[in-house]
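Note that the protein sequences, when read in sequence, are chains A and B.
Take 52 as the starting number for the first sequence in the working numbering and just add one per residue.
Take 1059 as the starting number for the second sequence in the working numbering and just add one per residue.
Derived by calculation from the structure, the hints in this document are not laboratory data.
Hints may contain errors.
In silico DSBU-like pairs for lysine-lysine, Cα to Cα no more than 30 Å straight-line [unchecked claim]:
| # | chain 1 | residue 1 | chain 2 | residue 2 |
| --- | --- | --- | --- | --- |
| 1 | B | K1269 | B | K1286 |
| 2 | B | K1186 | A | K365 |
| 3 | B | K1242 | B | K1269 |
| 4 | B | K1242 | B | K1255 |
| 5 | A | K365 | B | K1269 |
| 6 | B | K1242 | B | K1134 |
| 7 | B | K1255 | B | K1186 |
| 8 | B | K1134 | A | K159 |
| 9 | B | K1269 | B | K1186 |
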Amino acid sequence: MKIPRLTTLISVAGLVVLALFPVIGIPLRWLNYLFLFFIYLALANMWNLLAGYTGLICLCPHAFVGLAGYTLAIGSWLGVPFQAGLIAGAAVAALFALLISYPVFRMKGIYFAIGTLVLPEVFKVWFSYWRPVGNIYQGMGAGYSVTGVGGVTLGDVYWLGLVIAAVSIFLVHMILRARLGLGLTAIRDNENSAASAGVNVFRLKLYSFVIAAFVMGIAGAIYYIYSPRINPTGGFDIRWLLMALMGTVIGGEGIEEGPIIGAAIVTFLTFLLASYGAWSLLIQGVILIVVVTVMPQGIAGLLRQVGVYRFPAKLLQAAEGKIYKNLK
Amino acid sequence: METAVLSVDRLNKRFGGIVAVKDMSFEVQAGEVLGLMGPNGAGKTTLLNLIAGTYSPNSGRVNFRGRDITGLPAHKICHLGIARTYQIPQPFTSLLVRDNLRVAATYGSKKGDKLELDEILDLVDLSKQKGMMAGDLATVSLKRLELARALASNPTLILLDEIAAGSSDRELPRILGIIEEIRKMGKTVVLVEHVMKVMVEAVDRIIVIDKGEKIAEGTPGEVMKDEKVLAAYFG
């Protein structure tokens, strides 16, 4: 059996510790913060995959989140248990990504961004009028509650969130080391050269897009299990895009650990500034502008440049050497 | 008898009202080095783009090894065995030099058909830089990286767009040597070049293009004396 690397062991240990939080009496407030961090992290990792590694500035994460959430909600009224609704929601988001890829990938650069931005707005209107189950909604919202999740505790959704966050990290990690990652980076750097070198640009962009849509869909559906009410303005709220975008850009676009740092900061700021209402978004926007101007490589990029990792990396290497020498 | 590796048949390409390539027909024999010559704006790069699949022609056909490749996308044409360089180098700036080649080797060549990447880097004198990020390379090295990347997919036909442009007198013999090595590998070369020394010494046949049309075809000796060619260049 191959002995795993120390960094892998540390990561797994960290995951196990996080998984134990709900059962060792960590206060519910913290479980809430961490849960949202997990959801934002999954979204940011996928946004990083699209924008940071493929060069696709996707402005429609909230379309994926909302679609998945609505699939979950409507499904719950049709007798679909939330576990299946979760997967169905992600599948609907992925299918949507597949369908719009043909028209949307024909648009380059900024036009792709604008094209994707329009889509959630269309859904907002659509879901205001389309109510396949239940009565006409009286009053504001035109929303649905999610039924059948009464037995789900905060601990349960916390674990779901932890899983999707871990999956998103693992997925990006694996893609980067696989053939797909090489092709995506080539596409990001120079699409024409990539095509001339034999890369099927459309197909690789499609893989990236559909994978991201699926994972964002799962994250969104998990959120709506945690907070089981969805309406058009909430489900397709541009906030989902902003959390993903800011998490990635502040943390470091095109850097693996970027979204982890960025999502942590964005979650922290959201809660810190929660009592300031609309100002919260303004302040986060200002921070985003400052980061982009002063350190466009993001915090993770800055840390790498400054060489913060060199000392811990050397420590780890030395430790690995000693431990594995003794095991032989 | 069909020995032509590439045949171009009455290609036409318009951009709006401008005719870039007009009724272009020619053949390239297996293993030869064909030069494309002509004043600026003659349509040489457009012609390369038409062969390589970056553009689709308005009419006409491109045949490669007996197969009609007209209008196929660039990546498919690469899989079939045609590689090209860009006049202005287009590297993958955030990838290492060696990984630039790996993209072409991984995505562009058939399984089990690869050339040794380190040997290619050696051929173009980029061995020392293989661990560098392509974005950090000096401009002169980028042209050689273009060439290396084109070779990395192990093509049958390689299209070179002004590979010698901007080379110093010292570098030129090296480039001629590289073209000779490529020929020895059994590959066919079509090159666009303004540098006369390359045209005279490295090339078997030349086609001269002016205003999108072929105005002369023959050996370097024949072509240099052709009246129409002189008129096109010197008025």
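Structure-based check of each hint:
no., hint, result
1, K1269/B x K1286/B, "holds (12 Å)"
2, K1186/B x K365/A, "holds (26 Å)"
3, K1242/B x K1269/B, "violated (34 Å)"
4, K1242/B x K1255/B, "holds (20 Å)"
5, K365/A x K1269/B, "violated (63 Å)"
6, K1242/B x K1134/B, "holds (26 Å)"
7, K1255/B x K1186/B, "holds (28 Å)"
8, K1134/B x K159/A, "holds (21 Å)"
9, K1269/B x K1186/B, "violated (42 Å)"
Violated hints for the displayed structure, listed by number in ascending order: 3, 5 and 9.
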